[in-house]
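A.B. asks: These protein sequence lines map, in sequence, to chains A and B. The opening position of the first sequence corresponds to residue 1 in full-length UniProt numbering, with each subsequent residue numbered one higher. The opening position of the second sequence corresponds to residue 1 in full-length UniProt numbering, with each subsequent residue numbered one higher.
Take the hints with a grain of salt, since some may be wrong.
What the hints assert, rightly or not - With beta-carbon atoms standing in for the labels, derived distance ranges: (1) A:E12 x B:V25: 54 to 60 Å; (2) B:G61 x A:L231: 51 to 57 Å; (3) B:V25 x A:G195: 53 to 59 Å; (4) A:E12 x B:G61: 52 to 58 Å; (5) B:A95 x A:P390: 23 to 29 Å.
These are computed hints drawn from the structure, not numbers from a lab. Keep in mind that this is a model prediction, so the values were computed, not measured. Each residue gets a CB set at the ideal place from its N, CA and C atoms; glycine is no exception.
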Amino acid sequence: MEAGEEPLLLAELKPGRPHQFDWKSSCETWSVAFSPDGSWFAWSQGHCIVKLIPWPLEEQFIPKGFEAKSRSSKNETKGRGSPKEKTLDCGQIVWGLAFSPWPSPPSRRLWARHHPQVPDVSCLVLATGLNDGQIKIWEVQTGLLLLNLSGHQDVVRDLSFTPSGSLILVSASRDKTLRIWDLNKHGKQIQVLSGHLQWVYCCSISPDCSMLCSAAGEKSVFLWSMRSYTLIRKLEGHQSSVVSCDFSPDSALLVTASYDTNVIMWDPYTGERLRSLHHTQVDPAMDDSDVHISSLRSVCFSPEGLYLATVADDRLLRIWALELKTPIAFAPMTNGLCCTFFPHGGVIATGTRDGHVQFWTAPRVLSSLKHLCRKALRSFLTTYQVLALPIPKKMKEFLTYRTF
Amino acid sequence: IEGRKKTYGDREGPDAMYVKLISSVGHKVIVKREYAVTSITIKAMLSDPGQFAENEINEVGFREISSQVLSKVLRIYFTYKVHYTNSPTEILRFATAPQIAPELLMTVNFLDC
Numbered sequence: 001m002e003a004g005e006e007p008l009l010l011a012e013l014k015p016g017r018p019h020q021f022d023w024k025s026s027c028e029t030w031s032v033a034f035s036p037d038g039s040w041f042a043w044s045q046g047h048c049i050v051k052l053i054p055w056p057l058e059e060q061f062i063p064k065g066f067e068a069k070s071r072s073s074k075n076e077t078k079g080r081g082s083p084k085e086k087t088l089d090c091g092q093i094v095w096g097l098a099f100s101p102w103p104s105p106p107s108r109r110l111w112a113r114h115h116p117q118v119p120d121v122s123c124l125v126l127a128t129g130l131n132d133g134q135i136k137i138w139e140v141q142t143g144l145l146l147l148n149l150s151g152h153q154d155v156v157r158d159l160s161f162t163p164s165g166s167l168i169l170v171s172a173s174r175d176k177t178l179r180i181w182d183l184n185k186h187g188k189q190i191q192v193l194s195g196h197l198q199w200v201y202c203c204s205i206s207p208d209c210s211m212l213c214s215a216a217g218e219k220s221v222f223l224w225s226m227r228s229y230t231l232i233r234k235l236e237g238h239q240s241s242v243v244s245c246d247f248s249p250d251s252a253l254l255v256t257a258s259y260d261t262n263v264i265m266w267d268p269y270t271g272e273r274l275r276s277l278h279h280t281q282v283d284p285a286m287d288d289s290d291v292h293i294s295s296l297r298s299v300c301f302s303p304e305g306l307y308l309a310t311v312a313d314d315r316l317l318r319i320w321a322l323e324l325k326t327p328i329a330f331a332p333m334t335n336g337l338c339c340t341f342f343p344h345g346g347v348i349a350t351g352t353r354d355g356h357v358q359f360w361t362a363p364r365v366l367s368s369l370k371h372l373c374r375k376a377l378r379s380f381l382t383t384y385q386v387l388a389l390p391i392p393k394k395m396k397e398f399l400t401y402r403t404f
Numbered sequence: 001i002e003g004r005k006k007t008y009g010d011r012e013g014p015d016a017m018y019v020k021l022i023s024s025v026g027h028k029v030i031v032k033r034e035y036a037v038t039s040i041t042i043k044a045m046l047s048d049p050g051q052f053a054e055n056e057i058n059e060v061g062f063r064e065i066s067s068q069v070l071s072k073v074l075r076i077y078f079t080y081k082v083h084y085t086n087s088p089t090e091i092l093r094f095a096t097a098p099q100i101a102p103e104l105l106m107t108v109n110f111l112d113c
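Could you build the full structure based on these sequences and the hints that come with them?
C.D. replies: Written as C-alpha cells, this is what we have:
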C-alpha cells in the first residue's frame, strides 16, 4: 500500500471468554505493545489477562488472498499450535504495558556474576501496570513472574523502559507521580518524580535516552532529564487532559495528544510548538454538540519518523504525514483506545474498549536519502547544536523540522 | 576500450542504458540510467536536450561530490530505491553512518533524492 491508500484491516484478535465478566470495566484494551525487536506482541485484553503472542502471527489469523507483510520465519511450520503463546494472569485490571529491549551485554554478564540465585532479568521482560499501583515484571519466553514492584498508590497507567537496554523502568500513575525503577537492582525504586497536579496519563523516554516526557490531567506536559531526574521544562498549550505522548525515532520531535481534539508537535529541546493537528469531524453535517467526541486517545510515530497514527473518540484511526495539515488516510474503528506501530514498519496495532485488537496496513515508506541523513544527524544532535552548524539557513530549517 | 563497451552495454546517445557520474577527483562511477534518475537533479541534467552531442557518452561531472559519497553511498541508495519501489516485499532499514551525514546531507540536498 502506498501513502494515500486507506489502511486495510489485516487481522483481528478477540479475547477468549471462559467465565462471567463485567462488561463495563474489564474489557478495555488499555494497552498494546510490540517488543522492540518485533518478535512479540502483548495486549491487555481485560479480565486482568495479558496475552503474549509471537510475531509474525500464525497464518490462520490472516485473511486469505492477502500477502502477509511479515518476515519469513523459520519457525512457521504447518500444523503448529501456539506453544509460544502466553497468558499472564495479573490478578487485577491491567492498564499499562511495556517491553524491555534486550539488555546490553555488559549488564547481562554483571548480573550473572553478582546474582547467581536471584531471578535473572537479563532476558526479554514485559512490565505490566496494575489497578492498585503494583507493577509486575514477567519473563516473556516462559511467562514466569519475576518481580513485583510496589510504591505507587493508585493505577499505574503507563510504563516505559529506556531504549538503551539498561533495564531502567519509568512508571506513570494516577497518584500524580512518576517513579524510576532499576531492574538490575532487583526492582529498587531509585527516584520519585513529583510535580504533576492530576493523574499522570502517559510517559515516554526519548530514543537517545536523554529525556522523559510525562503528560497529565492538568493540561501540561513535563519534560524531565533522564540523567539527573529533574524537571527540564513544562510545555503549555493543550486545553484539556493530555493522554498520550511519543518521541520521534531520532528524538528530535515530541507529539502529545489531548482530549481537546488536538495533537501538538513540539521541539523538545526548545519547547517550541511546531504544529497542531486538528481532529475535526469528517462529516460536516454533524452539529456542534458532537465536537467533543473527537477527543484523542493515542498518538504514535512510525518507525522511520515520517508518519503519525492517531486514535480518537470519533471512531477513526487517522494516519498523518508529518508535513501535511490533514490526514492522508482514515480507517473506521469503534471505541479505540490505543495504537502502536510494528517496529519494522508496515503494520499498526490498535486496541478497543471491548478487548479486541486490530492490525492495519500502514503506509509503506521509502525515506528520501535527505530524510535518512536528517534522522542520522538528529539522533545525536540537539536543536541548538544544529543551529550552531556552519550550514545554510534552509538546511538548518530542514534539520530542525521547521520545513520538510 | 572496445572490451569495456561490450561489458557495459550502450553508453552513447540520449537513450543510453548507463551513465557515468564523475566525482570531484575524477573518479568515475558507472550507474544504470534508471537508477541515476532517482536524483531529480541528475534526471534534469540528463534530459537537457542541449547537453549532449549525438555520439557523446552520457556523463555528468560533480566537482563538489567526493568519491566516497558518490560511489559508496549514492549507488547503494539508488539501488535500494529502485529495488523497493513497486516491490511488495518488506523494506529493510537503510542505515546512514552519522560521520558522513553532514557532507552527505549537502550533496543529497543538491541532488534532490
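A.B. asks: May I ask which of the numbered hints given earlier this structure violates, with the numbers listed in increasing order?
C.D. replies: none
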